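Number of protein chains: 2
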Amino acid sequence: MSEQKNKILEETIKRLLRRGAHSNLRKIVNKTHAADLSVIFRNLSVDSQRRLFYMIDDYEQRAVLLSELTEYTITDFIETMDVDELLEVFDYMPADDVADLIADLPKETAEAVLDKMNNEESEEVEDLLSYDDDTAGGIMVPDFVALSEVITAKGAIESLQKDFPDVEMPFYLYVVDDNERLVGVVSLRQLVVVKPTTPLKEFMTTDIFSVRTDMDQEEVAKIVAHYDILAVPVVDDSNRLMGIVTVDDVIDIFRQEATEDILKMAGVGEEFVETQSVVSSTRIRLPWLFASCLGGILAFSIIGHFESSLKQATYLAAFLPVIMGMGGNVGTQSSTIVVRGLATGRLLSSELWHVVSKELCIGLILGTIYGGLIALAAEIRFGAELNTGMLAVSVGLAVLCSMSIAALMGSLVPMILGRIHVDPAVATGPFVTTSVDIISVYCYFTIATHLLGL
Amino acid sequence: MSEQKNKILEETIKRLLRRGAHSNLRKIVNKTHAADLSVIFRNLSVDSQRRLFYMIDDYEQRAVLLSELTEYTITDFIETMDVDELLEVFDYMPADDVADLIADLPKETAEAVLDKMNNEESEEVEDLLSYDDDTAGGIMVPDFVALSEVITAKGAIESLQKDFPDVEMPFYLYVVDDNERLVGVVSLRQLVVVKPTTPLKEFMTTDIFSVRTDMDQEEVAKIVAHYDILAVPVVDDSNRLMGIVTVDDVIDIFRQEATEDILKMAGVGEEFVETQSVVSSTRIRLPWLFASCLGGILAFSIIGHFESSLKQATYLAAFLPVIMGMGGNVGTQSSTIVVRGLATGRLLSSELWHVVSKELCIGLILGTIYGGLIALAAEIRFGAELNTGMLAVSVGLAVLCSMSIAALMGSLVPMILGRIHVDPAVATGPFVTTSVDIISVYCYFTIATHLLGL
Chain H
0 MSEQKNKILE ETIKRLLRRG AHSNLRKIVN KTHAADLSVI FRNLSVDSQR
50 RLFYMIDDYE QRAVLLSELT EYTITDFIET MDVDELLEVF DYMPADDVAD
100 LIADLPKETA EAVLDKMNNE ESEEVEDLLS YDDDTAGGIM VPDFVALSEV
150 ITAKGAIESL QKDFPDVEMP FYLYVVDDNE RLVGVVSLRQ LVVVKPTTPL
200 KEFMTTDIFS VRTDMDQEEV AKIVAHYDIL AVPVVDDSNR LMGIVTVDDV
250 IDIFRQEATE DILKMAGVGE EFVETQSVVS STRIRLPWLF ASCLGGILAF
300 SIIGHFESSL KQATYLAAFL PVIMGMGGNV GTQSSTIVVR GLATGRLLSS
350 ELWHVVSKEL CIGLILGTIY GGLIALAAEI RFGAELNTGM LAVSVGLAVL
400 CSMSIAALMG SLVPMILGRI HVDPAVATGP FVTTSVDIIS VYCYFTIATH
450 LLGL
Chain F
0 MSEQKNKILE ETIKRLLRRG AHSNLRKIVN KTHAADLSVI FRNLSVDSQR
50 RLFYMIDDYE QRAVLLSELT EYTITDFIET MDVDELLEVF DYMPADDVAD
100 LIADLPKETA EAVLDKMNNE ESEEVEDLLS YDDDTAGGIM VPDFVALSEV
150 ITAKGAIESL QKDFPDVEMP FYLYVVDDNE RLVGVVSLRQ LVVVKPTTPL
200 KEFMTTDIFS VRTDMDQEEV AKIVAHYDIL AVPVVDDSNR LMGIVTVDDV
250 IDIFRQEATE DILKMAGVGE EFVETQSVVS STRIRLPWLF ASCLGGILAF
300 SIIGHFESSL KQATYLAAFL PVIMGMGGNV GTQSSTIVVR GLATGRLLSS
350 ELWHVVSKEL CIGLILGTIY GGLIALAAEI RFGAELNTGM LAVSVGLAVL
400 CSMSIAALMG SLVPMILGRI HVDPAVATGP FVTTSVDIIS VYCYFTIATH
450 LLGL
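Protein chains in written order, with numbering that gives the first Met the number 0: chain H, 0 to 453; chain F, 0 to 453.
Just chain H, same shape as in the assembly:
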């Protein structure tokens, strides 16, 4: 639903809520897709959320809505639900979504819910909760179709109807041996086009991609994307099939990982915390600024060292912002390109020298162009007052240095981190700009002191 339509729907719902027009609300709420309702819910009070939630007749839609809401950390609503209400919804929710929700509940509520669940269900959920969050085990769905290799295509279709009515997207059907070990996969399409009496093992694909339960979720997502598949089976150490990771979860992983990288590069931690309180947001961002603070303190010590030069040529100070600004921006450009390139596989860490030397060239060219421009501007503005063009030359050279060094460091640091298998995104942002600042300041004053004979 377009943003416009959603806004109109939201206004309608709010108006009907104010009027208490319950039968109209009931109609609307049952006609609207849960994903669209979840967007509207974010702008309603918890009280209104509860009223609307219980107007939804389809329990499966309630389950979808609840899962969608928690993605945006609307925990207020969940907290108003008691154990029985939660269990009622969980009955219609896939096990992996139940596990995700339970993981976010307060400890006592979570335990109360698990206690009241029947054994089979609570075991399944607890199994899923035993895996680390950001691993294949933590994101997999335990609902999949597993068939024996000796049954026929016809038998497989019957089994699909009888034994696996709840499996959401059975486009791949996995084939296992007597010990539940993964031996092959068939597609639903293959099942309908082969002769019904053909046993699975005659047409199943045995060369299967699979991942282990402890694999990092980003690796899993990259495999699904790289090989253009719709799901990947998750196995344990003995190659027993434990679950599958489906492509819709892969999309969410990529968006999450992109957000993580973006936030890391800006020095804001890893998780999207905008929806948290002022105090927690501040606490998360505080340490990332510390490197910058140390760098700034180091910078003013360096400038203090050049005190006598400054006394003789106070104009030097005027150009600090432009020299640092140009360097900072080029450094951000270079490091962003390299970090993103490494993350998407466009750049390989084996290409280090190629990439860094290219960035250095670009930095030198940009530095020469802008150095010249700024030197000219400096001469125009201050040339008459001072009797030397050397200030403008110093400024121009400093800009050139600043921009070249920024391009060099901005590309070199993430590349090196990539080589030694440290996440390159962590180094950029504050780290690169701060070190470029310090080096630029030092170069600037050294150049100016020499050229102006201070």
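If you are wondering where the hints come from, they were derived from the structure by calculation, not from laboratory data.
Be a bit skeptical, because a hint or two may be false.
Identical chains blur together in the list; that is why a pair holds if it fits in one copy or across any two.
As the list claims (entries may be wrong) - Derived DSS-like pairs: lysine-lysine, alpha-carbon spacing no greater than 27 angstroms straight-line:
#1 Lys13 - Lys26
#2 Lys26 - Lys6
#3 Lys13 - Lys153
#4 Lys153 - Lys200
#5 Lys6 - Lys221
#6 Lys153 - Lys194
#7 Lys6 - Lys30
#8 Lys194 - Lys161
#9 Lys221 - Lys310
#10 Lys200 - Lys161
#11 Lys106 - Lys4
Note that the structure is predicted; figures quoted are calculated from it, not measured.
Knowing the structure of chain H, use the given hints to seat chain F on it.
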């Protein structure tokens, strides 16, 4: 295949190439998935690429490999292929991939290829090429299953085998009326579990999500992700079914759009140009630095205006880097959070005041903490030399100002742009940091001039 295994495979291939061990190479190349080969190819010479390419027996694998290679803009290899060689591969390639490749060929080659193609195929490709690149029409696949609503489930399955052998992922089968207009959809799963004599219109879903050919690709991707579907049908103005956009393309779109935003926020243009020449990369990045340059020139004019203050208190200059650095980093933090939040739907532009006031609070708290810290450091370093604590106070206040204004602007500007439907990502990066620099410098000198009685 893990990065390690891929590296080993690459070394093996290089070694065998040097030795001219063709039959071993042939074996390896035919056993390796095209997606993995494409990664290895990037580190081989064009000559080796050609040799290996023509060792692949499976023409469909060659087609997949060629598509994968062009994703990383390895145009050198494609340029060595003549028209007949291209046609040979295109025969085994889906029409949308052919269209993408042809769009990247030099004009004469593209026309020669289209001329030599048989009419039906070239018409299909030319149709696809008529749509804008980043729209539903530009990314859709014209291969889909379209059935009449009156045929039975059994008839549908037979039709699938007979009429649609090439459709890649027929998990959704679309139902059309006599005028090719989209009226419903059935899933392959439904086909196998209902009674074979049931006509499609009795169990098809009529409430379908569909998109128009001119819809922006990012909107299309968001719809597929929002509703957790595997494909979305693309229709024209008369609701006639023209193609489908599948979930694997949606994954690529999200990654592309994330990269675009990341590059925009750093002021590097929109497309990933790292693989282009030094000259083109420089040309793309040059203009984005201009705002920064203008800002820097404005900054040195401002400081020039405060020349007399500087002459009297040369120490003032020493603190410019730290004040600008802290402001710049907080500004980047805030703008990154807001831009990414808006892009992923975590933040809504309707929440402007809530978000901006929160960011301002955070900026004030961080500014107070770091302002105090830096003022203390300034007093320690320079306190003995000057006889006034007022310098330290000025510096502290300037840091507080800088960081608060940075948080305010960093959140306000993207939010406002979001409200007026301009892409918020464009404004961040150089724009926010440059304006924060200018304002911080002005505040600093104004405060210092007053407090130090200059």
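Hint check:
Taking identical chains as interchangeable, the C-alpha atoms of Lys13 and Lys26 lie at most 27 angstroms apart only when both belong to the same chain, with a minimum of 14 angstroms there against 66 angstroms between chains. When the C-alpha separation of Lys26 and Lys6 is checked against a cutoff of 27 angstroms, the pair qualifies only within one copy, where the shortest distance is 18 angstroms, while the shortest distance between copies is 59 angstroms. Proximity of Lys13 and Lys153 under a CA criterion of 27 angstroms is satisfied in neither setting, with 52 angstroms inside one chain copy and 47 angstroms between copies. Within a single copy, Lys153 and Lys200 get their C-alpha atoms as close as 13 angstroms, and across copies as close as 25 angstroms, so both meet the 27 angstroms cut-off.
With identical chains, the CA atoms of Lys6 and Lys221 are at most 27 angstroms apart between copies only, with a shortest distance of 17 angstroms across copies and 35 angstroms within one. Taking the shortest Cα distances, Lys153 and Lys194 sit within 27 angstroms of each other both inside one copy (8 angstroms) and across copies (14 angstroms). Taking the shortest Cα distances, Lys6 and Lys30 sit within 27 angstroms of each other inside one copy (16 angstroms), while across copies they are farther apart (53 angstroms). Proximity of Lys194 and Lys161 under a CA criterion of 27 angstroms is satisfied in both settings, with 21 angstroms inside one chain copy and 14 angstroms between copies.
Neither within a single protomer nor between protomers do Lys221 and Lys310 lie at most 27 angstroms apart by alpha-carbon distance, with minima of 58 angstroms and 59 angstroms respectively. Taking the closest pair of Cα atoms, Lys200 and Lys161 come within 27 angstroms of each other both inside a single copy (21 angstroms) and across two copies (24 angstroms). In this assembly of identical chains, the alpha carbons of Lys106 and Lys4 never lie at most 27 angstroms apart, being 39 angstroms within a copy and 43 angstroms across copies at closest.
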